[in-house]
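There are 4 protein chains.
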Amino acid sequence: MGDLLGVAVLGAGHMGADHIRRLDQVVSGARVAAVADPDRARAEAAVAGLDHVTVHTDPVAALDAPGVAAVLIASPAPAHEEALLAAFARRLPVLCEKPMVPDSAGALRIMEAELGAGRRLAQIGFMRRYDAEYRRLKALLDGGRLGRPLMLHCTHRNVSSPADFTSAMLINSSVSHEIDAARWLLGQELTAVTVLRPGPSAGAPGGLLDPQFALFETERGALVDVEVFVNCGFGYQVRCEAVCEAGSARIGDEHTMVVTTRGGARQEVAQDYLVRFAAAYDREVQAWVDATRRGEVTGPGAWDGYAASAVAEAGVRALETGQRVAVDLAPRPALYAGR
Amino acid sequence: MGDLLGVAVLGAGHMGADHIRRLDQVVSGARVAAVADPDRARAEAAVAGLDHVTVHTDPVAALDAPGVAAVLIASPAPAHEEALLAAFARRLPVLCEKPMVPDSAGALRIMEAELGAGRRLAQIGFMRRYDAEYRRLKALLDGGRLGRPLMLHCTHRNVSSPADFTSAMLINSSVSHEIDAARWLLGQELTAVTVLRPGPSAGAPGGLLDPQFALFETERGALVDVEVFVNCGFGYQVRCEAVCEAGSARIGDEHTMVVTTRGGARQEVAQDYLVRFAAAYDREVQAWVDATRRGEVTGPGAWDGYAASAVAEAGVRALETGQRVAVDLAPRPALYAGR
Amino acid sequence: MGDLLGVAVLGAGHMGADHIRRLDQVVSGARVAAVADPDRARAEAAVAGLDHVTVHTDPVAALDAPGVAAVLIASPAPAHEEALLAAFARRLPVLCEKPMVPDSAGALRIMEAELGAGRRLAQIGFMRRYDAEYRRLKALLDGGRLGRPLMLHCTHRNVSSPADFTSAMLINSSVSHEIDAARWLLGQELTAVTVLRPGPSAGAPGGLLDPQFALFETERGALVDVEVFVNCGFGYQVRCEAVCEAGSARIGDEHTMVVTTRGGARQEVAQDYLVRFAAAYDREVQAWVDATRRGEVTGPGAWDGYAASAVAEAGVRALETGQRVAVDLAPRPALYAGR
Amino acid sequence: MGDLLGVAVLGAGHMGADHIRRLDQVVSGARVAAVADPDRARAEAAVAGLDHVTVHTDPVAALDAPGVAAVLIASPAPAHEEALLAAFARRLPVLCEKPMVPDSAGALRIMEAELGAGRRLAQIGFMRRYDAEYRRLKALLDGGRLGRPLMLHCTHRNVSSPADFTSAMLINSSVSHEIDAARWLLGQELTAVTVLRPGPSAGAPGGLLDPQFALFETERGALVDVEVFVNCGFGYQVRCEAVCEAGSARIGDEHTMVVTTRGGARQEVAQDYLVRFAAAYDREVQAWVDATRRGEVTGPGAWDGYAASAVAEAGVRALETGQRVAVDLAPRPALYAGR
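Chains as they are written, first to last, in this note's numbering: chain C, 1 to 339; chain G, 340 to 678; chain U, 679 to 1017; chain A, 1018 to 1356.
Derived by calculation from the structure, the hints in this document are not laboratory data. Since this is a predicted model, take the numbers as computed values, not measurements. Beta carbons are placed, not taken as given, at the ideal position from N, Cα and C, and that holds for glycine. Be aware that one or more of the hints could be misleading.
Stretch by stretch, here's where chain U covers chain G in the computed footprint (C-beta under 8 Å, at least three residues) [unchecked claim]:
1) 360-370
2) 470-482
3) 581-591
4) 598-606
A short list of chain G residues far from chain C (calculated; beta carbon distances all over 12 Å) [unchecked claim]:
5) Gly352
6) His395
7) Ala408
8) Ala425
9) Pro441
10) Trp523
11) Gly526
12) Arg536
13) Leu613
14) Asp621
15) Ala630
16) Thr660
17) Leu668
Using C-beta positions, here's what the derived DEER-type ranges look like [stated by the list, open to error]:
18) G:Arg601 with U:Ala957: 26 to 34 Å
19) C:Thr298 with G:Asp481: 49 to 57 Å
20) G:Pro405 with U:Thr735: 36 to 44 Å
21) C:Pro38 with U:Ala810: 58 to 66 Å
22) A:Leu1291 with C:Pro38: 40 to 48 Å
23) U:Ala957 with G:Arg559: 32 to 40 Å
24) G:Arg601 with C:Ala45: 27 to 35 Å
25) C:Thr298 with A:Ala1308: 26 to 34 Å
26) G:Arg601 with A:Ala1354: 39 to 47 Å
27) C:Gly49 with U:Arg813: 55 to 63 Å
28) G:Pro544 with U:Ala957: 31 to 39 Å
29) G:Ala380 with U:Ala957: 30 to 38 Å
30) A:Thr1183 with U:Ala957: 46 to 54 Å
31) U:Gly865 with A:Val1292: 45 to 53 Å
Construct the entire structure; sequences and hints are all you get.
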């Protein structure tokens, strides 16, 4: 087993358990070496049947377990900062689920710590960058054939939201995916945000402002609009149309088997992000394992985690105030230069 | 009213009544001058509210009614021959619903009579030639950009068939549309036909061989296959894919509003040919009125009616014998030269 | 010819000539009785070959020409007010191309005059209400199956704009179509508007703010966003997605023959509104002729023309100021009650 | 490395090299333990950079190499029989690329040898059974919601064929995929075959009968038609429409990013089967590795390889004779009972 990358997985909930399954059964070149969860029984259940795995309730102890050469953080966001700092202290490469940390102040501390380590160690889990359709769109935009991008029209719909979802979380949890995707697709920072609030859907839990419509301005004058609707009831839909000077490109339309019955011609719509983006998660973790084994960090990093936080915070203020809010971004350290 | 083309409509059933409505309310430049139906009450009902129309039970009397300058035959097929001959005798231009007459022997008599009149007078109601999608496909094929057509894959489905529909009628009533469309699209005669019979659908009335799969060979080596399924239960679907040396083109996919609900993304499918081809019928009759007022015949003629009959007869023999049957076509008279 | 509705067409430019052709060749039950254009030669050319038409340079003279029973106004917008008032004075039914008049103050005068006439006489040329896809969407929304509409996402793209097109015209000429369509689809007035200005496309003439992104709020809390891009270079695209509480519906995607060649699978995109909405114009004029012959007015009226003006004016102020601008709408007279 | 399944890969050509990459970089739970190719340099190149791999020119020697616990046969078809028999003798599980062996007589010998081994050891590389769309269609048909399948309409197009491709290979190499897919989707054996030959495309190499149109009858009366066109020039297209008693289902339409430019709206078409079916190959090999580690054989087996051969042989005779040819199938041994 010496050749396989030993990974400590922190967090054995829904997402953590899925990553454990992925590392064990899907991804090549890695194995689960340790798992940590405050709920030991949950951690043990997640690795049942796997050999050579140690189980911990303390995440830091998991980092020090035998065979651990890298860390995958899938614990709740408030636990990320401690885990990231501990990993950096051990110079362990990390794949950290989004959001990197709960706020931009914490994100600045993470960047500082990584700067202290003198090299990039963290990849943040913006898995859309690994989705085949997003990559195709990115390649098309970068190729320049359509000219400069002028607008991105985005749609982000969930069947329903978790019980504790707040109006702010439509921005800082859901739209944060579009924030990163827009930054990445356009190669530009977002500079201001406005959030509009149509009358809430009857399907939204009482008090939840759902749907919302967010507008982002970018440093070179593009416009990004996002419909976010987390209790739409009908499906998990993530779409993006890039409108450029010489054409437009659209991804994310439902493309499955067409079934014609008396009711008409019908195409299934994915109901869950783990279905829609299953392959993207697989590719993300495989790419991280491959890069880590080569000693590299190739994916979105701490700067991207920080920028997403800062934009989302401005978005929440825009939602609360009804005003356009400018994004206040710290200078980009040289370690994070390049796109 | 002197400027309007006065039309005698023969037959006031489903199709006749629809044409009367069309001439009155949709088409420009024409008016209904006379109507004939053995059932006088039905004829009167079909023209209720229209002025200057005479009502007849004898179709020939309708041809001689005041103001009649052209004839639209929408009576049952067995009545077509007498009506066509009477119109030719009066040198009246005719639009005759398909089939021109019930068999190819009768069709030869029609051609002979029209040859005797010395000029083309009849247009046959192959309305697909007036459908926007078919015309686009025809223009593409004629333009030559895709090279020589090698195959046509056709689908012809009805929700359900009339009570008295026979296995032979799948060929000589339903597929006759594809027979004409293929001849027109390819600019070639069909030379042989084979009909395969999958096990009948549980939805087909007892004894009806439904669906069927017909294969036509053409004089220059193209292949035309047609699925015909007249009790499919789910919709009226007419599709055609032309496979050529340098590309393929497909028409007839359902293209309507996309509605996404919990069940998935859904597009309505037309349930009836009067819906699917409503605009084609309108264009057909308008084109016939326009040409007739100019003294021309521009649409499919008696030769096309004859060829469709001859091919359909071979098809019925192929269905009955399970063998490939060659089409025996009379020589094409000079009057019908050209496409 | 006594039975046909005699129409005076005012204006013989691009649109007027097209309407003359439509009344003569497409529409049933009407004829062109008179035409007026300051350029007599242009007026004569537009009716060449038609009988029983008088040609005028003075529009009012055309209204008084023999056989005129209705008026179609296709002259430039500044000429509409005089023509409408003259028609009202003669109690002639009118189909008036949009915009009804150049500003909302004039629109109020038109309503006042029609109120003085004591009955509705004017239909305004918002032809999208006659497009098959828009009607299907309207029927779906009215049917209530999708629940309350929350958002409309609209796209309005032209290949290129006329030479004299200004930044304000993106709102008051192009988006005015969406303003009417949104009012009609939702059955609600628009109450406020914000216009965002992405960096202009390199394809836009110098100084033209193109594209723009307009946001409309409605009286019952729905949100309508419109991308307008009049020099997109790639096609004439008009799309609308209605997002409702229980589902979404989308119209306007390009749906034509699919041609597959080495370059991929391709669908043609309409390049011109007269192509995309050809059938809608035909249906609009036919519906107006039919209603007029019955003594009714069934289409969008002076109130709709006024409301579109008032919203568009607020939109232009929003564009100029960068601010959200409330729409100030006069009370709706009883004559215009109902949707 | 003890936990990983050591695989001997026989054949280091295009397909073998791709499988080596897949086992090394994509698939979880396996490693390449040995490789054999008559061309030693090619074998060495295919495993460059991998550790613990032995390189052989003799395939049997590779089976006996240290660490080999399973075999993946990707050598030319004539070499398969010897390799399968040697694997069976060693009771090694095998994944064998299609065709299993070049003819049905050899296929019977393979089944006999596996029967001698007393257990199933071979999986045949019909990778379409692992394609997401095919699996969705299979699940839909098995679920019974659409009723009994009546017809399958299939399309199989390649951009161009290899230099040595013969007319018979359109059936026994290309259509063999549809033969297996139809047997699997319908759960029925194919009983007769007819092959029609439209005039060859100008794009086909001299003498090659391309395209062809094959018709298969099944034991319970369904009909399967296949257009095969291996020099279509425009793309790699694999489509299937299942027409059932209560509806139809279609897979394989091109579903990628829609790019709209002046030319129209365009979707890319895959040019190569390794692109179109990349994920299916990954899933196939992963499923084989997973089942093998559990001591099971779950995929298509020697019976399926034999049946495909027998049907393809009948197809080639049908092509050569122009006649309908019945398929002569040996009785199915109990070892291969079940679907």
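Check your understanding: Is 26 to 34 Å right for how far apart the beta carbons of Arg601 of chain G and Ala957 of chain U are?
Key -> Given about 33 Å between the Cβ atoms, the range holds.
Point to revise | chain C versus Trp523 of chain G - minimum CB to CB distance exceeding 12 Å, so not interface | key: 27 Å, holds
Check your understanding: Going by Cβ atoms, does His395 of chain G stay more than 12 Å from chain C at every point?
Key -> 42 Å, holds
**Study point:** Range hint 32 to 40 Å (beta carbons of Ala957 of chain U and Arg559 of chain G) holds or violated
**Key:** 36 Å, holds
Check your understanding: CB of Pro544 of chain G to CB of Ala957 of chain U, is that within 31 to 39 Å?
Key -> Roughly 38 Å apart at Cβ, these two residues keep to the hinted range, so it holds.
**Study point:** Assertion that Thr660 of chain G lies outside the chain C interface [Cβ separation over 12 Å]
**Key:** 33 Å, holds
Check your understanding: Taking 36 to 44 Å as the hint, is the beta-carbon distance of Pro405 of chain G and Thr735 of chain U inside that range?
Key -> With Cβ atoms ~42 Å apart, the hint holds.
Point to revise | Beyond 12 Å from each Cβ of chain C, as asserted for Asp621 of chain G | key: Holds, because the least Cβ-Cβ distance between Asp621 of chain G and chain C comes to about 25 Å, which exceeds 12 Å.
Check your understanding: For the pair Arg601 of chain G and Ala1354 of chain A, does the Cβ-Cβ distance stay inside 39 to 47 Å?
Key -> The hint (39 to 47 Å, Cβ to Cβ) holds, given that Arg601 of chain G and Ala1354 of chain A are roughly 40 Å apart.
**Study point:** Within 8 Å of chain U's CB atoms, at least three CB atoms from the region 360-370 of chain G: coverage verdict
**Key:** holds (count 6)
Review point. Would you say the C-beta atoms of Leu1291 of chain A and Pro38 of chain C sit inside 40 to 48 Å of each other?
Key: Once the Cβ atoms are compared, 46 Å apart, the range 40 to 48 Å for Pro38 of chain C and Leu1291 of chain A holds.
Review point. Does Ala630 of chain G really sit off the interface, with its C-beta more than 12 Å from all C-beta atoms of chain C?
Key: Holds: least Cβ distance 37 Å, greater than 12 Å.
When each numbered hint is compared with the structure, no violation occurs for any of them.
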